Structures are given as C-alpha cells and as structure tokens.
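Below are the chains, spelled out letter by letter.
Protein chains: 2
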Amino acid sequence: MRKIKVAIWGFGAMGSGMAKALLKKDGIEIVGICDLHPDRVEKEMHEVLGVERGENKEVFINGNIDEVLKEGECDLCLCATDSFVKKAFPRLKLVLEKKINVISTAEEMSYPKAQSPVEAKELDRIAKENGVSILGTGINPGLMMDLLVLTLTGAMTDLTHIKSERVNSLSPFGHAVMEEQGVGLSKEEFLAQDKAGTLAGHVGFEESVNMMTDAVGWKLDGPLKTSMAPIVTEVPRETPYIKVDAGDVAGCAMLGDGYVNGEVKVEMIHPQQIEPQLGGTNTGDYITLTGTPNINMAITPEIDGGIGTIAMCINMIPQVLNARPGLKTMIDLPVPRCIMGDYREALEIELV
Amino acid sequence: MRKIKVAIWGFGAMGSGMAKALLKKDGIEIVGICDLHPDRVEKEMHEVLGVERGENKEVFINGNIDEVLKEGECDLCLCATDSFVKKAFPRLKLVLEKKINVISTAEEMSYPKAQSPVEAKELDRIAKENGVSILGTGINPGLMMDLLVLTLTGAMTDLTHIKSERVNSLSPFGHAVMEEQGVGLSKEEFLAQDKAGTLAGHVGFEESVNMMTDAVGWKLDGPLKTSMAPIVTEVPRETPYIKVDAGDVAGCAMLGDGYVNGEVKVEMIHPQQIEPQLGGTNTGDYITLTGTPNINMAITPEIDGGIGTIAMCINMIPQVLNARPGLKTMIDLPVPRCIMGDYREALEIELV
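In the order they appear, the protein sequences are chains A and B. Everything in the first sequence is counted per the working numbering, starting at -2 for the first residue and increasing by one. Everything in the second sequence is counted per the working numbering, starting at -2 for the first residue and increasing by one.
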C-alpha cells in the first residue's frame, strides 16, 4: 500500500513541529506545505526545518493553497492557521470540498458546536457530502482538561462534580502568546484590557466543558461564568522573549464555572505564567472527580503544551482517516496513541 | 424511543453490582438475569439486591439462559461469568447467535487475540454474521494499566518506554480472590504453589501489554516475562474474610516485562495485598512514560477495582450498541464516560 499523503497549512511553531515529527515516522509522507510568511514562502521544507532531506522529495512552501492541495493527491490536511471557528471556516470548507480529510488545531474546533453551532452543522454537511472527516484537537482543549477527565469518569458509576486544573509554564512561548495572556503588563493595564475585552487569555473552556457535559449527559444552564486574574510576580522574571519586573504581570489565571440546575458542576482552573517556579508554583495537570468513587489524578510537571498539541494532531491521523464521514470530536473517536510503527498498520481502510 | 434492554449473565459481585448501578440510570432497563447460585436462583432481582422495586417490572433470576435471552427481546447482555476466553467462548457464542450484543468482564476478553487468537477470530466472525458487537472490558485490564496509558501517549511525539503500576488493596475481596492471590499462605506454601503453577495471581498482563504494543506499533518478541512474589507481612493483618499472621503472605506482587527487539519496552508492576497501609504501602495507579515529553501520572489512592469494573461495563454500553458489528477492544471504540443522563441520548442508532 502507498504511504499516507499529508499536507500542512500554516507553518508556524505548530505546523513546522508537526512536519518535524512526521518526518521521523514510517508509512506517511508530507506532500505539500502552504504558508505565506516571507521568511518561509518558496523555501524548501527540509531546509526551513534544518533537517537532512535524505531520499525524500523536495517540498517547496507555497503561498497558494490551490496549488498545494489537489483532489486525489492528498489524504489529509493538518490546518494550523486559526484559533476560532468562524475565522477558520472558509479555509476548512475549501479543504473539505477538495475531498481531503482535515485535522485542525483551532481551539474552538475541538467542540465547534459549543459556540458556533451553525458552522459546525455546515462543516458536518460539507464533510459528509465530500466523503471525508474533520476533527479539531490539541493538548488543551483536546486532552488534558476534557478527554482525559472523561476517560477517568469511565471508572465511576456516579459523578457529581468535575474539577479540572492545568497549571503550566508560558516560558517556551513567543510574543503572540505573551500578548494574548497579558504577560509584561502592569496590573492596572491588565485589568483595563480585561475590562475592555481585549485580552484573549486561554481559548477553549466553552469547548472543553460542553464536550464533557454533553458526554456525561448534563445540560448546562448557559455559557460558563469565567474570570481572568493577573498573576503578579514578586521577583523579576525573564525568558528569551520577555522581561517582567517585580510587581508586574507574569501570567494569567483563567477560571471557568459550568452550572447545571443552578449548581457548579464543572470547575476549570487554568493559571499560566512564565517561570512559574519563581512564584513558588509547581506546574502540573490535576483532575479531581467527586462521585463513586472519588478520583484524584496528578501529572507533574504538566504535559508540554507545544509538543502535546503537535503530538495529538499527528497521532489522530489514522482515527480521522478510519472515521465515517462528517465532523468528529475527540469523544467520537478511539483514543489517541503515540504511533511508533508504520502509520498504515493503524488504517482500517485501503489507500488508493 | 423505547428503553435499552439489558440482561445480565452471572449475578455475583460484578453482575449484581452492575444491576444496582443500572437501576439508578435513565433510558435503560434490566429485562433478565441468569444465575445458578442456589441462594439466588428463582428469586426476584430487586429483593436479592435489597432495593425498592418501585414501578419496575419483576425480574426473576433464572438458571436457564435460553429462557432469559430471546432474540429480539434484548439489546445487550453483560456477561460476568468467566476470566478466561476459552472457558467463556461457548457462552459468548450462544449470546451472539441470538443477535444480542455482549460486554464481557472476562479479563482475557479485553484483548482476546493475545492468548486465544483462534477464538478471537471466531467471535469476530460470529458477531459479524449476526450483526452485533462484543467487547471485553473492566478496570484492569481495560483502563488503568492499558487504555489510560495509551491515552496519555497521545500527547507524545516519541515513546521509548512504558512503566505501568497499580498498587491496590485486596481488602474488599472475598475468599475466591484470597485463594487466587495466595493470601493467608505461609511463604513456603506460596512459593510451592507458584512453582506448581496453581496460583492464578492477576489475570490480564498479556492482554494489557498486547493491547498497548499493537496500538503504538511495537512487535513483542514473545510472551511476557512474568514473576509472582509473596508480600510477607511483618504485623498481623485482618479483613472480614481472612486473618493473616505476621510472617505469612498478605498479598502477591506480579511483575511482567514486555520485550521488543531484546529490550524491555513495557514494565508492568502490580502488587496487591490486604490492608496495605499496615505494610507502609500507599495505594495508587502510576504511569511513567519515557519519550518526548516524559509523562508522570499518579492517581492516589488507586481507583477501586470492584466499582471500576462495574462502571466500565455499564458505561461502555452505548459504544458497543453504536459500533459496527464484530469483536471490539477498548482501543477500537470512543472513550468510556460516566453516563449521568438518559442512556438513549448516547445512541447513534435507532432502537426498534
């Protein structure tokens, strides 16, 4: 059987990380890259990644998606271009209409019906019409604060409360994330931006919580009650990308409560900051489930967000190719797993 | 839509526990129980369970499976009668041939091709011929030492070693388990029985390890290298079922190593004992993954084995009903989740 043919749309940290990881895998090949960034466009992929090309064909990064993706010449496109469903929609539609399966890193795509039910239905219809599948995934939303929680509830006969906590470091991330999270601002600036609604913070609480409540069968009273608080540092902190003075903002603590019949049933706690150890914070992923039995899980330190998102996307490729056509979420498909053998052995379909 | 109709074959601790749990759920009903135990046979189910019958129909425990299971009158049978595939096979075949879906608690059924490939193929064929599905599951094998491990590897781009550890208490269990695990024996008796091959210990390592290595794409060199060691207590220990003197065996530590190309890639560690706190042992489930990134997970205390198995079986009912016909394992189906709403909302099929 021929190799699985994959294209990547968006060659930033996530897209290029997926390419690097896929180049070490068997039974799968990268057949096209679409990216517009002037540092990368028209350059050869292996060169941009700084890896030996060996016997692989040359792949030139192309700014024109219609030249990269041709019907019948690609099995799946990894789309690492957006965070929001409405912005990603036209791109995802374009790929599906070429009869190419999709895995999207867009946080909202992990459970698009939570905030964009119309677009979600439309993506499902387009995917089915074209005989392909589309999945949104990543480390969070996608695994740590939702799918992993659900997996653990599988061992419970009764569930009354979910607490899902991810305490992680922002140190590996660059300027864009620092801005989204308000790192480097004074406390006053942070609060003003939060009030004005210009701070993004973490994207994904609505998706994670709706995925979980739909799966267990709870009806949310409405949107989550969320809040964002500045994590003010008492000592100066520094990363390769930013310097924060004592008294300024080193991170952002997002909280989200999901109510069912007037009661908080799901509690999301997600403080993110640079150099957390300087604030005496131990990073980790923590899940606390109340019911029969109670379950307390800790993963320390936290699973790296960048590697984790790259891994989830490339590890879910077989599940997406095997799936019946339509829009899928992580609760519809078999669990992800790190594929160390030939990718084709995980397929239940024939590649033609 | 009518309720999901479930029968239970085997009404010991697991079967009766599933019945109790299902009676609290919506959209699902128990339509038959098969059990031969003289304490239970011909008695009414609610009475045996000690729960109010309310508006439920009476269900009399029946020793004749052909009277309990009738084609078209039952959607799924929970089979809690066996540990081994070869012993369970004729029973499972009988259920499938009545066009009834199956969930089995038999440890070896969690990955039957590991040790009974002929029977596994045959069950797959029979299930497909009759348009139904069959799944083996439970807490271990089924979740703690295998599926949960795989789910976490989903966040890794590279995996080099798996260590899966379950340290649990045997205190809730009765005489049968004490015998299987050698609890109460002198150290010499334990070693003699181990040498003679008459101690069962934990059943499921081959299944858990083959599930994991198949999923990630590693080829095992052959059967696991396993060992069993007595856990000798320094102080007397006691449960409602057994008294163990200082110097005698309070439990059994099973180890299993899975080799790939001459190297240990999977390490299974599973010490089980009564009253572990008297030996200074903290119970828990621990997963240690080496690769990119490394992952360290701890669940403390361990997830209760009895409740956990009951939960896994009843929580997987919708996935089995939704599945395409055939023999399924936990890596083929969407993740388990604690169903707190109406069971029918989790169905993708119509009940007729």
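Careful: at least some of the hints might be erroneous.
Same chains, same names: a pair is fine if it fits in one copy or spans any two.
Calculated lysine-lysine pairs in the BS3-like style (CA-CA distance at most 25 Å, straight line) [unchecked claim]:
no.	residue 1	residue 2
1	Lys118	Lys84
2	Lys160	Lys184
3	Lys216	Lys0
4	Lys118	Lys21
5	Lys160	Lys21
6	Lys160	Lys96
No wet-lab data here; the hints were simulated from the structure. Predicted model only: the values in this text are computed from it and were never measured.
Now for the hints, and whether the structure bears them out:
no.: 1; hint: Lys118 x Lys84; in the structure: within (16 Å within a copy, 47 Å between copies)
no.: 2; hint: Lys160 x Lys184; in the structure: neither (28 Å within a copy, 44 Å between copies)
no.: 3; hint: Lys216 x Lys0; in the structure: between (43 Å within a copy, 20 Å between copies)
no.: 4; hint: Lys118 x Lys21; in the structure: neither (36 Å within a copy, 34 Å between copies)
no.: 5; hint: Lys160 x Lys21; in the structure: between (37 Å within a copy, 24 Å between copies)
no.: 6; hint: Lys160 x Lys96; in the structure: neither (40 Å within a copy, 41 Å between copies)
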